[in-house]
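Asker: Residue strings, one per chain:
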Amino acid sequence: MSSAPVLQLAGVHKTFGQTAIIRGVDLDLVAGERHALIGPNGAGKSTLFNLISGRLHATAGTIRLRGADITRATPQAINRMGLARSFQVTNLFHRMTVFENLRCGALRSRGGGYAFWRRVDGVAEANARADEVLDAIGLARRREATAGELTYAEQRALEIGVTIACGADVILLDEPTAGMSRSESAAAVALIRKVTAGKTLVMVEHDMDVVFGLADRVSVLVYGEVIATGAPDAIHANARVQEAYLGTGLAQAGAAETAHA
Amino acid sequence: MKGRPHLVAALPALACLVALPFVFPQGFALSLMCQMGIATIFALSYNMLLGQTGLLSFGHAVYFGLGAFCAMHVLRWAGGSGGGGAWVVIALPLVGGLGGLIAGIVLGAITTRRAGTIFAMISLGVGEMVASVAPMFPALFGGEAGLNANRVFGAPLFGITFGPQRQVYYLIVAWALLAAWGMHALTRTPLGRMANAARDNPERAQFVGYHPQMVRFLMLALSGFFAGIAGGLSAINYEIVTGESLGAHTSALVLLMAFIGGIGQFYGPIIGAVLVTFLQTALSQYTHAWLFYFGLFFLFMVLEAPGGIASLVQLHREPWRQGLLRWVWPQYALAALPVALTLAGLIGVVELVYRVAGGVEAGETSWKLFGNAIDATRWQPWALALLLFAGGGAWLRRAWSGVAWQWKMVLLATARGKDR
Amino acid sequence: MEFFLVSLLNGVSYGLLLFMLSSGLTLIFSMMGVLNFAHASFYMLGAYFAYQISTAVGFWPALVLAPLLVGVVGGAIERYGLRRVHRYGHVPELLFTFGLAYLIEEVVHLIWGRIAVDYRIPEALDFGAFQVFDSLYPAYRVFMMAVSIAMLGALYWTLTRTRIGLIIRAALTHADMVQALGHNVPRVFMLVFGGGCALAALAGVIGGNAFVTEPAMAAAVGSIVFVVIVVGGLGSLAGAFIASLAIGVIQTFAVALDWSLLDTFREVGWTGEAARAIGTIKLSQFAPVLPYILMVLILIFRPRGLLGRRDT
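Chains as they are written, first to last, in our numbering: chain S, 12 to 272; chain H, 2 to 421; chain R, 33 to 344.
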């Protein structure tokens, strides 16, 4: 892990009116790492995701993707530069089929563009990619079902599928296992491990089993600041993290997190 | 793929379209069918916005009208120079289409900056702007009288002069088929799919790399192109174009057509265009209040069947395939009489109000129905109409609960049949 | 100078009238998310009701009765029509009010005919109020401004000083929360919708006789009111106020000014054929287009309107 950072946040601030949500975040992500972002509710994890992916713009500081400044770029531009994200609340094209959802995800990067002179069925690469992702997320059986008809776990899988379909090599997953049962969660972890192999992954996650099972490095965000970054074991042992994030006791905080999820 | 069964269905339909002028050779029928053809293209182009992209436009007539004026100028110019003849007329709708496309590019760049409710307001404002600018340039828009031309000029092409209405009908049919095919094909292109995506979830469309504003802009420009084709055909058909074709009433009419037909299905606006054009002609012969009935019908559809007629067709499709509709027919038959009575009562009340309120010139308060004179100044016809309306309505409520109950059964059975 | 003052006064009175319409529309939109396409139709109904009532019992009762009646009609339409389409989303709601506008126009055609009705300024107010240089300024115009300002004062007071105003302002941003606190939000919606309609009708009562009471009046004013809302910024009462006055004044001046671009072109020495084609248009002819051009300019340079903050 000595290469140049893929994603680089430097002094990022975000304020809403008087309220500072992100208060100077510095973060470097190296190619191929799986990075988990943890922190108590209201720490600003989702806001940070929104800033990186272009949904919101930072008040101060810079965000760079492979060296290019994306601080003020639009979501679509950032996506085309190879960064894709999923959403905490399932955010799909509900009236379209599973296959169509995936194809919409793949279309832009696989030659579909805004073309109105060729059939979408004829954009071979996009169709092939959609079917490939369909198999990877295990929804081949449900190919022609509309997204709105799927079960919750299936929708979460599709959410990841639409995110990775464009082939971006930086993936942001916002609580991919939120609201899942133990077994569903385990399946989701296996899925994430499979589909993000070789890519740079940043994920917000509350489930500590998932975090410590999947992540190469962990960053802890508290009140809009990263108080620690490091390997999972080091974070686990970090006194400051235990004090700030886990608060009065591991058991209590763990229970609160589970209740939230 | 699925093309073949469609083709099998298309051939008889095509034969019908070819045969129609021979079945209904009367002048008014022919001109009605021409109108329907033009309206079909126009309504389909409107649905590219409302149905496919989720843009509610109150100013779509602008593209139709500007296309018509472009075509009219070329027609006048060609007629003046005498060159080209029938070839010019055949290609004229394309000129209209280009006019609509350019208008769509220029105005769409402004209107599609926003979506949703604001787009609706802006489309209205831009529509009003164009409609109110037009009268200021009589050289371009012909002022109050509009612009006219003669579509017959130059040498005939294999005997075709486009003098007889029947020849114009075939031209309209050909262009309507071409345009409908084009618009249908468009739904299956990357842009067509992303239009649906941007309609349903513009935010996610951004996060898969598309700019919703660009999608809206392209759809509006292309929809302007097809509306312009319809405008070009109307220039040929009527040989006159007036400022009214740009105005709010034309915009409202195409909205009514698309919505009543059904914006959720590709074919919906076709039904709407044919039905609304027919009603417009048929109803206006019988009553001055036809626009009122029309508005009432529209409101009824918005409240009770927001998917339009096409959604009702879709509803019946699967049960019909499974042979389950025979459960519903008797209930429909039972409801038919109360429906007729309620409608009769309603129409009676409206017509009576109209007569006494002095909407009719020179105070005509009586009229003839089935040979009986009805005098709106007396109380008997009022009592009868109100009784019909109230009684029919009460009966209809009961009859309709039977229909609703039976439908519940049918839908349950249909769902089970589908799973098997 | 005399011309300037008279036009300014006329512009302001027209602008205040526009604001009576746009304020109701803004309140309804901000609260319910519904753009009431039929808002100007209630303005028209107000004028026609006032005409009908004033032929029977005179202008002063009509001034009170007509808005109340229209308010009741509006409330009923919200309760039995709009509320039912609410579940289908905003586009069907907009279509419903569009159909309503269409239907109201036809009702007016059926009952009062297609030509203007003879709705006049009451004699008690048909005199010159004060001298503007050489001419008398009509008292009715002053009355119009007084009613508008009184009405707006009452609206402001209701919104800021009363319980219902408090609930309305809370429901603007947090409808669910207000409902959770035990307030009947659907009823507040009905009141706001009816109230907005009554406000529009009051504008119709005082505007119908100052201008003209005809079936086309709704469409003519309706699109201008939409322009006001877009220019002012959707959901902003202050923006609507500024835009109303601006458009009222601009339009009044444009109608009154009788110079043509040709004069200007000649002065700068441009006398080509194109100059003659464009230049013969008088500014007064151009007046109906000005609001729309203003709207387009605002959209290009300030897409959210003068004071707008909401995005959709």
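Honestly, the hints are just simulated from the structure, not real lab data. These numbers come from a predicted model, not from an experiment. Among the hints, erroneous ones may be present.
[What the hints assert, rightly or not] Which bits of chain R does chain H cover? Going by a derived footprint, with three or more residues having C-beta under 8 Å, they are: (1) 138-147; (2) 255-263.
[To be verified] If you want a taste of the chain R side facing chain H, the calculated C-beta under 10 Å gives, among others: (3) 69; (4) 116; (5) 120; (6) 127; (7) 132; (8) 134; (9) 197; (10) 198; (11) 199; (12) 202; (13) 323; (14) 324; (15) 331; (16) 332.
All C-beta atoms in this analysis are idealised placements derived from N, C-alpha and C, irrespective of residue type, glycine included.
Asker: If a hint holds in the structure, say so; if it doesn't, say that too.
Answerer: Here is what the structure says about each hint:
1. With 7 residues having a Cβ less than 8 Å from any Cβ of chain H, the region 138-147 of chain R passes the three-residue criterion, so the hint holds.
2. Look at the region 255-263 of chain R against chain H: 5 of its residues bring a Cβ nearer than 8 Å to a Cβ of that chain, three or more, so the hint holds.
3. Restraint check, residue 69(R) versus chain H: the minimum CB separation of about 8 Å is within 10 Å; hint holds.
4. Checking residue 116(R) against chain H: minimum C-beta separation of about 6 Å stays under 10 Å; hint holds.
5. Here the hint on residue 120(R) is kept, as its CB sits about 5 Å from the closest CB of chain H, short of 10 Å.
6. Taking 10 Å as the C-beta contact cut-off toward chain H, the hint placing residue 127(R) at the interface holds, the least distance being around 5 Å.
7. Evaluation of the residue 132(R) hint against chain H yields a held restraint, the C-beta minimum of about 7 Å falling below 10 Å.
8. The interface hint given for residue 134(R) holds, since its Cβ lies 4 Å from the closest Cβ of chain H, which is under the 10 Å cut-off.
9. For residue 197(R), the interface hint is violated, since its Cβ never comes within 10 Å of a Cβ in chain H; the closest pair sits about 25 Å apart.
10. The restraint placing residue 198(R) at the interface with chain H is violated, with a minimum CB-CB distance near 27 Å, outside the 10 Å limit.
11. Annotation: interface hint on residue 199(R) violated; nearest CB of chain H at approximately 24 Å, more than 10 Å.
12. For residue 202(R), the shortest C-beta to C-beta distance to chain H is roughly 23 Å, which exceeds 10 Å, and the interface hint is violated.
13. The restraint placing residue 323(R) at the interface with chain H holds, with a minimum CB-CB distance near 8 Å, inside the 10 Å limit.
14. A hinted interface residue such as residue 324(R) counts as satisfied when its beta carbon comes closer than 10 Å to some beta carbon of chain H; here the least separation is about 3 Å, so the hint holds.
15. Nearest Cβ of chain H to the Cβ of residue 331(R): about 6 Å, under the 10 Å cut. The hint holds.
16. A hinted interface residue such as residue 332(R) counts as satisfied when its beta carbon comes closer than 10 Å to some beta carbon of chain H; here the least separation is about 7 Å, so the hint holds.
In summary, the structure is inconsistent with hints 9, 10, 11 and 12 from the numbered list given earlier, while agreeing with the others.
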